[in-house]
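Protein chains: 2
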Amino acid sequence: MNTSTDHIIKSYDQELDRLRGEIVRMGELAVAQLEASIDVVERRDERAAQRVVDNDDAIDTMEHEISHGVVRLLALRAPMASDLRAVFSALRVASDIERIGDYAANVAKRSIPLSMVAPVSPAHGLKHLAQLAAASVRKVLNAYREDDADMAYEVWRDDVDVDEAYNALFRELLTYMMEDPRSITSCTHLLFMAKNIERIGDHATNIAENIWFVVKGEPLEAPRKKGDEPHVTHE
Amino acid sequence: MNTSTDHIIKSYDQELDRLRGEIVRMGELAVAQLEASIDVVERRDERAAQRVVDNDDAIDTMEHEISHGVVRLLALRAPMASDLRAVFSALRVASDIERIGDYAANVAKRSIPLSMVAPVSPAHGLKHLAQLAAASVRKVLNAYREDDADMAYEVWRDDVDVDEAYNALFRELLTYMMEDPRSITSCTHLLFMAKNIERIGDHATNIAENIWFVVKGEPLEAPRKKGDEPHVTHE
Numbered sequence: 121m122n123t124s125t126d127h128i129i130k131s132y133d134q135e136l137d138r139l140r141g142e143i144v145r146m147g148e149l150a151v152a153q154l155e156a157s158i159d160v161v162e163r164r165d166e167r168a169a170q171r172v173v174d175n176d177d178a179i180d181t182m183e184h185e186i187s188h189g190v191v192r193l194l195a196l197r198a199p200m201a202s203d204l205r206a207v208f209s210a211l212r213v214a215s216d217i218e219r220i221g222d223y224a225a226n227v228a229k230r231s232i233p234l235s236m237v238a239p240v241s242p243a244h245g246l247k248h249l250a251q252l253a254a255a256s257v258r259k260v261l262n263a264y265r266e267d268d269a270d271m272a273y274e275v276w277r278d279d280v281d282v283d284e285a286y287n288a289l290f291r292e293l294l295t296y297m298m299e300d301p302r303s304i305t306s307c308t309h310l311l312f313m314a315k316n317i318e319r320i321g322d323h324a325t326n327i328a329e330n331i332w333f334v335v336k337g338e339p340l341e342a343p344r345k346k347g348d349e350p351h352v353t354h355e
Numbered sequence: 121m122n123t124s125t126d127h128i129i130k131s132y133d134q135e136l137d138r139l140r141g142e143i144v145r146m147g148e149l150a151v152a153q154l155e156a157s158i159d160v161v162e163r164r165d166e167r168a169a170q171r172v173v174d175n176d177d178a179i180d181t182m183e184h185e186i187s188h189g190v191v192r193l194l195a196l197r198a199p200m201a202s203d204l205r206a207v208f209s210a211l212r213v214a215s216d217i218e219r220i221g222d223y224a225a226n227v228a229k230r231s232i233p234l235s236m237v238a239p240v241s242p243a244h245g246l247k248h249l250a251q252l253a254a255a256s257v258r259k260v261l262n263a264y265r266e267d268d269a270d271m272a273y274e275v276w277r278d279d280v281d282v283d284e285a286y287n288a289l290f291r292e293l294l295t296y297m298m299e300d301p302r303s304i305t306s307c308t309h310l311l312f313m314a315k316n317i318e319r320i321g322d323h324a325t326n327i328a329e330n331i332w333f334v335v336k337g338e339p340l341e342a343p344r345k346k347g348d349e350p351h352v353t354h355e
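Protein chains in written order, with my numbering: chain U, 121 to 355; chain S, 121 to 355.
A few of these clues could be false.
Unchecked claim - Sample of chain S residues lacking proximity to chain U, with all beta carbon distances greater than 10 Å (derived):
#, residue
1, L136
2, E148
3, L149
4, D159
5, E266
6, D268
7, E284
8, K315
9, E341
To be verified - Where chain S lies over chain U, by a calculated footprint (3+ residues, C-beta under 8 Å):
#, segment
10, 183 to 194
11, 305 to 314
Derived from the structure by calculation, the hints contain no laboratory data. Please read all numbers here as calculations on a predicted model, not as lab measurements. For glycine and all other residues, C-beta sits at the position ideal for the given N, C-alpha and C.
Next comes chain U alone, as it looks inside the complex (with noise of 0.2 Å):
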């Protein structure tokens, strides 16, 4: 291998490092903006929930720059079968962040209606299924960011929890909905926000097949649905 056959490899090496980087800062941003969102739901303030919503064009940013570079190290650079796989995981865990910022910004637009009507005690169950799917997001970045199968595979397998916390909480509020007609508008959008961390929940595990793929060379087994409310009929 020449001097300068190495350098490129190198400094191929160095950018992929550079992105990994960049898509584990993304990721901090997204876990923030879903412990913001929580928090402006408990202490009903329109004014941050509105700064959380704003907040989350920075993160599409980060993304949109991430796959453009990523894009372009490709149309310049002609990597080997397993940096495309890094390449390519990388863009797939970038995109996954994007949505998870989604999410912690439409749970913050949702308090802002929910703000104006009556508050419903389910509101600490939507705390909790928030604390258990920061937790997961956050574990798999560092699992993303020491590329540490292990971890990404506890992820996966701990999302049970996530599912079953957002279960528990959709019963409650159908319950508490039977019980008092007028809690109905308040609890909707308290479902629709459960609905969206528990999907943070969901890429989460997405970002942890990922890891598994690029580290193993092979799909994690069992994979789990990709869509929507995988335990939909257990609601």
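Place chain S on chain U using the hints.
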């Protein structure tokens, strides 16, 4: 330009055309899934609903093949800026279609628990909403096939009709729930189904924005927010 370069450029264009054809076929499959999902809601056919859910795998597989093909193409060739824009847009459009397929499968999946509970008359409002969304997706696929920015603009502009139909259905379902608490479970499923279809409209507008950007070289004016539920405060 020598013959060899000419040959490479020509086959690059051919590959882009082939890619475009695959994406349109994938889109047609997604629209067919949307139409089938509404059909199973009306007929309350649980087995047919399960077939729609299962068919979503075919769309996911097509998206994976398309995006892997794109990445391989980029790795092997060095396209120019304008080609890069088209290639990049193809990745985005395929991703939007994959999500349209997901949402259609979710509508079908929701119809299974719905068929076990009391019937609710707003189901016809759901059909109307789905017809509007399906028409948007068909039109934006035509615009993509023909590189027609004006047609894409019409889809983008007319998404407000999908949003209005969604908001009307949302209010109708809330009224039903308040008037008859026994309808709450089925109306909740219908709410989520309506939201899934409204999101399909948003993905059609994302595709429209992509077409506009590739043809015109600049973003469509006053870009729509990409998040879920852009009109949540009007619900």
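Right, here's what the structure says about each hint:
Residue placement check: L136/S keeps its beta carbon more than 10 Å from all beta carbons of chain U (closest about 14 Å). In this structure E148/S is separated from chain U by more than 10 Å, as the shortest Cβ-Cβ distance comes to about 19 Å. Against the 10 Å criterion, L149/S stays outside the reach of chain U, whose nearest CB is about 15 Å from its own CB. At roughly 18 Å, the least C-beta separation between D159/S and chain U is larger than 10 Å, which holds for a residue marked as non-interface.
Distance to chain U confirms E266/S as a non-interface residue, since its nearest Cβ pair spans about 24 Å, more than 10 Å. The non-interface label for D268/S is consistent with chain U: the shortest C-beta to C-beta separation is roughly 24 Å, beyond 10 Å. The claim that E284/S is not at the interface with chain U holds, since no C-beta of that chain comes within 10 Å of its own (minimum 18 Å). Not every CB of chain U is more than 10 Å from the CB of K315/S (nearest about 7 Å), against its label as outside the interface.
Here E341/S stays apart from chain U, with its beta-carbon at least about 17 Å from theirs, past the 10 Å limit. Only when three residues or more bring their CB closer than 8 Å to a CB of chain S does the claim for the segment 183 to 194 of chain U stand; here the count is 5, and the claim holds. Residues of the segment 305 to 314 of chain U lying with their CB closer than 8 Å to a CB of chain S number 4, which satisfies the three-residue condition for coverage.
Violation of the numbered hints given earlier is confined to hint 8; every other hint is satisfied by the structure.
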